[in-house]
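Spelled out, the chains give:
Number of protein chains: 8
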Amino acid sequence: MRTTGDAFHLAIPARDLDAAERFYVDGLGCKLARRYDDRITLDFFGDQVVCHLSEDYDHDPGLYPRHFGVTFRERDDWERLLALVRRRDLCVFAEPAVRFADDVERHSTFVLRDPSNNLLEFKHYDDPRMMY
Amino acid sequence: MRTTGDAFHLAIPARDLDAAERFYVDGLGCKLARRYDDRITLDFFGDQVVCHLSEDYDHDPGLYPRHFGVTFRERDDWERLLALVRRRDLCVFAEPAVRFADDVERHSTFVLRDPSNNLLEFKHYDDPRMMY
Amino acid sequence: MRTTGDAFHLAIPARDLDAAERFYVDGLGCKLARRYDDRITLDFFGDQVVCHLSEDYDHDPGLYPRHFGVTFRERDDWERLLALVRRRDLCVFAEPAVRFADDVERHSTFVLRDPSNNLLEFKHYDDPRMMY
Amino acid sequence: MRTTGDAFHLAIPARDLDAAERFYVDGLGCKLARRYDDRITLDFFGDQVVCHLSEDYDHDPGLYPRHFGVTFRERDDWERLLALVRRRDLCVFAEPAVRFADDVERHSTFVLRDPSNNLLEFKHYDDPRMMY
Amino acid sequence: MRTTGDAFHLAIPARDLDAAERFYVDGLGCKLARRYDDRITLDFFGDQVVCHLSEDYDHDPGLYPRHFGVTFRERDDWERLLALVRRRDLCVFAEPAVRFADDVERHSTFVLRDPSNNLLEFKHYDDPRMMY
Amino acid sequence: MRTTGDAFHLAIPARDLDAAERFYVDGLGCKLARRYDDRITLDFFGDQVVCHLSEDYDHDPGLYPRHFGVTFRERDDWERLLALVRRRDLCVFAEPAVRFADDVERHSTFVLRDPSNNLLEFKHYDDPRMMY
Amino acid sequence: MRTTGDAFHLAIPARDLDAAERFYVDGLGCKLARRYDDRITLDFFGDQVVCHLSEDYDHDPGLYPRHFGVTFRERDDWERLLALVRRRDLCVFAEPAVRFADDVERHSTFVLRDPSNNLLEFKHYDDPRMMY
Amino acid sequence: MRTTGDAFHLAIPARDLDAAERFYVDGLGCKLARRYDDRITLDFFGDQVVCHLSEDYDHDPGLYPRHFGVTFRERDDWERLLALVRRRDLCVFAEPAVRFADDVERHSTFVLRDPSNNLLEFKHYDDPRMMY
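Protein sequences, first through last, are from chains A, B, C, D, E, F, G and H. In this text, residue positions in the first sequence follow numbering that gives the first Met the number 0: the first is 0, and each later residue adds one. In this text, residue positions in the second sequence follow numbering that gives the first Met the number 0: the first is 0, and each later residue adds one. In this text, residue positions in the third sequence follow numbering that gives the first Met the number 0: the first is 0, and each later residue adds one. In this text, residue positions in the fourth sequence follow numbering that gives the first Met the number 0: the first is 0, and each later residue adds one. In this text, residue positions in the fifth sequence follow numbering that gives the first Met the number 0: the first is 0, and each later residue adds one. In this text, residue positions in the sixth sequence follow numbering that gives the first Met the number 0: the first is 0, and each later residue adds one. In this text, residue positions in the seventh sequence follow numbering that gives the first Met the number 0: the first is 0, and each later residue adds one. In this text, residue positions in the eighth sequence follow numbering that gives the first Met the number 0: the first is 0, and each later residue adds one.
Extracted from the complex, chain A is given alone in its bound form (with noise of 0.2 Å):
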């Protein structure tokens, strides 16, 4: 469990502002909040993600070692997102597949890429214990 008053932030290159603007705004129907000349800041989620404009993106992404993305307690979330992603026809990096099938962390998974190409995971576990 965590607080609904907090936020987790994460700032992530962005070689376009406007390309991750439409990305995450009209693609994943995250919430704009600020505009500066050099970064962007949305709702993403109920937490906050900071695209900063920069050439320090990764032009051969991997889901390994950096990755971030939501765990959605409800399995519903995950389905309404997945629906959603193929609706909008967003840039899926990994199909949808469970992982760990044989552990108690078995979870459900999917990764999209972001126009710089960071990889957004998004989860749901079968035992929402195993969450962390």
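It cannot be assumed that every hint is accurate.
Calculated Cβ distances over 10 Å to all of chain B for the following chain G residues [stated by the list, open to error]:
no.	residue
1	G28
2	Y56
3	D59
4	N116
Using 30 Å as the maximum straight-line C-alpha spacing, the simulated DSS-like pairs for lysine-lysine come out as follows [unchecked claim]:
no.	chain 1	residue 1	chain 2	residue 2
5	F	K122	D	K122
6	D	K122	A	K122
7	A	K122	B	K122
8	C	K122	B	K122
9	F	K122	E	K122
10	D	K122	C	K122
Rather than coming from a laboratory, the hints here were simulated on the basis of the structure. Glycine included, every Cβ here is placed at the ideal spot set by N, Cα and C.
Let chain A serve as the given structure and place chains B, C, D, E, F, G and H on it in line with the hints.
Relative to chain A, chains B, C, D, E, F, G and H alone:
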């Protein structure tokens, strides 16, 4: 505001899992959830951070474009974390300072550096509506 | 008291969507959810406000009978919003004042005017039971 | 998400306060908070709606650009309200329908008309993230 | 602690429904939910009180064995209600006093009398664990 | 909705405190908070009920104008309480029935009688908005 | 953080159930839920403690390795319980003291002894993140 | 119901801290908070359990009079924990069973044994009001 049941999750590189555990658990007071040969998973202020054993870490870290952390709604929480940092002599990358001092999005911030050069920023905004 | 999961929603006229976005997002600190050719949808203090492109807006606004806004339970929230209004020089239609000063429903209020002459009132009641 | 302690508030015109009270309290099941000679204040689904006695009401109402209402997170709440509307034979301005049917922001909606031609829209989104 | 979704409900006699409405709604600031010929139902501080038209009311009320009311967790809420009582000159049956002054269950209390001689006691305990 | 921290409180007559304790604690599953020579205080479904030793109790109880109880938001809670009543053979004054069957305020109800003839009604409304 | 709906439960020995009830209910202000011939069950600060009639209790109690109690997030709650302990002259095993005084996990604590020599420790941490 | 901010805490003996950590963290999925030479502290389902290195542990454990655990409000949580126990082959002291089968306080339960013979009982009551 955000939900209590979901969790943000972030994967970051760690050159050495023992060093990561000392920093996050013994140092920062996070909780260890699971240990594998190639990663450790942490309850990081209510969200999930996973440290993946990797050589692909920053050798010359700079705050932009990548960092992560927590924005506290309550000033006391930010102050107590800073007190913990001093008491436990954690590695401070940027001393406490005020940013955007003349703007509504004015906030207090300090930055830590973990043993793999991941940078952690902890913020408190004068106006909580500016947390995004 | 009200639920956290539902949202009030309000549709108002906007003569120009860019001007509306500058006022609500850049000015008032609301979050942009979606953009269409004929409307923008906003997360307005946790509820939904939709600005519809329209010529049917008030050319000579008066506080009655139409206005909308937020009543804050906490005085600090009202004060911080007023500070934002001053800092960002938003258009004040009615300066902060106390109404019903000798009654239990005594409250503090100020009113803003958006670029399409919609009037926004922000209140704080001395006695929160009087918020309805 | 939104806070439980704050309230959205909306002021609308009413040509007749008794008619307004019959519609909102006896009809729609809202709660009457206060009565004055020139207005009534209501607990409207947890937010505040104030009906101001006024001749400045819409004689030929159209859904755009002005209307208001509630978006329910739970489908059951939307269904129960519709059942109340039928049972109490409230004035329906737009029959239940689905809008944006092929989009992620797909939602169910119906619209009522109050005695002063204010239009009230009640919505339920397939995907609650689209409520803004 | 108690749930937010359930409600305590209480049925009491009222010799006159208009007088009851004036006391509870105009006086005490409760909200009117429904009106029938033989009763009114009220949102009484978040619970339900129903006033039934009846001749079977107390002609010579005493605090024991029957009365009802609210115990506030927060001192401010008790103070604000007392201020409302003074401001609106409601009928006070017992002036504010402290009971069980030397015990852990020490609490502040005042009692009102409604137009049908129902007695309403409002309490605040020094130690909230003693609220039961 | 109501707060979690406050409590409704009700004082009722009891001809015999042991009988009252057997009914409310052993029978109804409420929790005993404090015992005095002349009263017992109970955590009654999260609110406070105080049974005062008194001869002034109803010898010929009728549902109107006085009774009290709980309205459950969740049907399951009402059903489980009814199961407890049957299992523990508590005194049923009115068998489960539906009232206002053709109205929006339709609800299920049953009534118990305590050893001092206080009547307890437990309700579940089809539409929770009708709980007041 | 923990859930509101679950409960920790603990079973401890009691040499005499009446003595246990006097200590926990009359003394400590817990609530009695159920009584059997061989045990009593209690609502102990929101969790369940069951006292089992048994000769297998500690005749020479020491704080380690067994004790239990509550850690309060709010200092006021710890202070009020200490005031109750003094007011009701409960058996204090260890006077209020500060432990780990120079560490982040610094906390205030006092210990009570129940009639069967079970030891109860009540804590308040300077930094709530150290509660685990 | 209980608060989210407080924590129950329990101190128990552990003959070996590594064995305790393997059981509670790797086995049961609890989270490690702090490690000392003589104890480990755990986030145990949201409460605090501290394992103290000690020779004073039970060599011949029986369920009475001492054990501890969690009562889950939701059946799913009890079921998922049982699945984890089976999947990770934890030491079961008492197989899943129903107790008080014909009573309102009927509940499902299973008991585990930790490496120091502390017994852990996990319960789910048919009627959540019986959790105390």
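Hints, verified against the model:
Once the 10 Å rule is applied to beta carbons, G28 (chain G) is consistent with being away from chain B; the minimum gap is 29 Å. The beta carbon of Y56 (chain G) sits about 34 Å from the closest Cβ of chain B, which is more than 10 Å, so the claim that it is off the interface holds. With a closest Cβ-Cβ approach of about 35 Å to chain B, D59 (chain G) is found to remain outside the 10 Å limit, as its non-interface label requires. Against chain B, the non-interface label of N116 (chain G) holds: every CB pair exceeds 10 Å, the least being about 33 Å.
Our distance criterion of 30 Å between C-alpha atoms is met by K122 (chain F) and K122 (chain D), whose separation comes to about 29 Å. At most 30 Å may separate the alpha-carbon atoms for a hinted pair to count; K122 (chain D) and K122 (chain A) meet this at roughly 29 Å. The suggested pairing of K122 (chain A) with K122 (chain B) holds, with an alpha-carbon distance near 27 Å, which does not exceed 30 Å. Distance restraint check for K122 (chain C) and K122 (chain B): the Cα-Cα separation of roughly 29 Å lies within the 30 Å cut-off, and the hinted pair is therefore satisfied.
The straight-line distance between the Cα atoms of K122 (chain F) and K122 (chain E) is roughly 27 Å, inside the 30 Å bound, and the hint therefore holds. Between K122 (chain D) and K122 (chain C) the alpha-carbon distance is near 27 Å, which keeps this suggested pair within the 30 Å criterion.
Going down the numbered hints, you'll see the structure goes against none, and every one checks out.
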